[in-house]
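*Asks:* In the UniProt record's numbering, the protein residues as written are 1 to 158.
Keep in mind that the hints were calculated from the coordinates and are not lab data. Just so you know, not all the hints are guaranteed correct.
[Stated by the list, open to error] So the derived label-pair ranges between C-beta atoms look like this:
1) Val-23 to Lys-57: 43 to 53 Å
2) Ser-101 to Tyr-79: 20 to 30 Å
3) Pro-138 to Ser-101: 29 to 39 Å
4) Asp-58 to Ile-102: 17 to 27 Å
5) Ser-107 to Lys-60: 39 to 49 Å
6) Val-10 to Phe-43: 44 to 54 Å
Built from N, CA and C at the ideal position, the CB exists for glycine as well.
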Amino acid sequence: MAGYLDSYGVSDAKRERGVKRVVIAAVAVVLLSVAGYFFLHDFQEKRQISKFLDLLKDKKYEDAYRLWGCDPAKPCRDYNLQRFLEDWGPKSAHADITLASIRRTRSCDGGVIQILQFPKEEVLLYVDRKDRNLSFSPFEYCVDATGRNTKFLDIFFK
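Taking the hints into account, I'd like the entire structure generated from these sequences.
*Replies:* Written out as structure tokens, the structure reads:
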């Protein structure tokens with residue numbers, strides 16, 4: 001009779017190990033998905049600003065101007081190439097882009113605000129999620145259509 005009871009509970013233990021592996025794998029997939037979302041959510045917008053800064057370092061001002069959704073042949077109505085060069089060109093206060101550091105990045109519903117810290121001032125850049133065009137951000141934090149802060153904790157963490 002000893003041979004008959006040797007396999008008692010073996011199938012239950014195998015099933016339990018299988019269920020445990022499936023549960024651990026499912027939890028790992030969920031955790032990796034959430035972590036991936038938080039780390040990669042603003043990847044394209046951050047890359048757009050990085051590309052802009054690289055173009056300024058290489059002194060390719062016309063290409064950098066195109067990232068603002070404008071073209072030197074057909075300039076934007078309120079921000080022509082001459083005005084862009086006053087802000088970012090070789091004679092501007094931001095001529096040496098290597099002095100800039102990224103102080104803060106804020107993820108908003110419609111885009112990303114990135115705060116560049118220069119030695120004398122801060123520059124607030126905004127990247128629109130829809131078309132990836134750059135612009136200056138009027139606010140340091142995310143706002144809704146009425147101008148109210150949408151992320152309460154941004155008030156405390158500048």
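*Asks:* Falls inside 44 to 54 Å, the C-beta gap from Val-10 to Phe-43?
*Replies:* holds (48 Å)
*Asks:* Verify the CB-CB distance for Ser-107 and Lys-60 against the hinted window 39 to 49 Å.
*Replies:* Hint violated: Cβ distance 28 Å, outside 39 to 49 Å.
*Asks:* Falls inside 29 to 39 Å, the C-beta gap from Pro-138 to Ser-101?
*Replies:* violated (22 Å)
*Asks:* Are Ser-101 and Tyr-79 spaced within 20 to 30 Å by their CB atoms?
*Replies:* holds (25 Å)
*Asks:* Is 43 to 53 Å respected by the C-beta to C-beta distance linking Val-23 and Lys-57?
*Replies:* Since Val-23 and Lys-57 have Cβ atoms about 50 Å apart, the given range 43 to 53 Å holds.
*Asks:* Could you say whether the range 17 to 27 Å given as a hint is met by the Cβ separation of Asp-58 and Ile-102?
*Replies:* With Cβ atoms ~18 Å apart, the hint holds.
Hint compliance for this structure: hints 3 and 5 are broken, all remaining hints hold.
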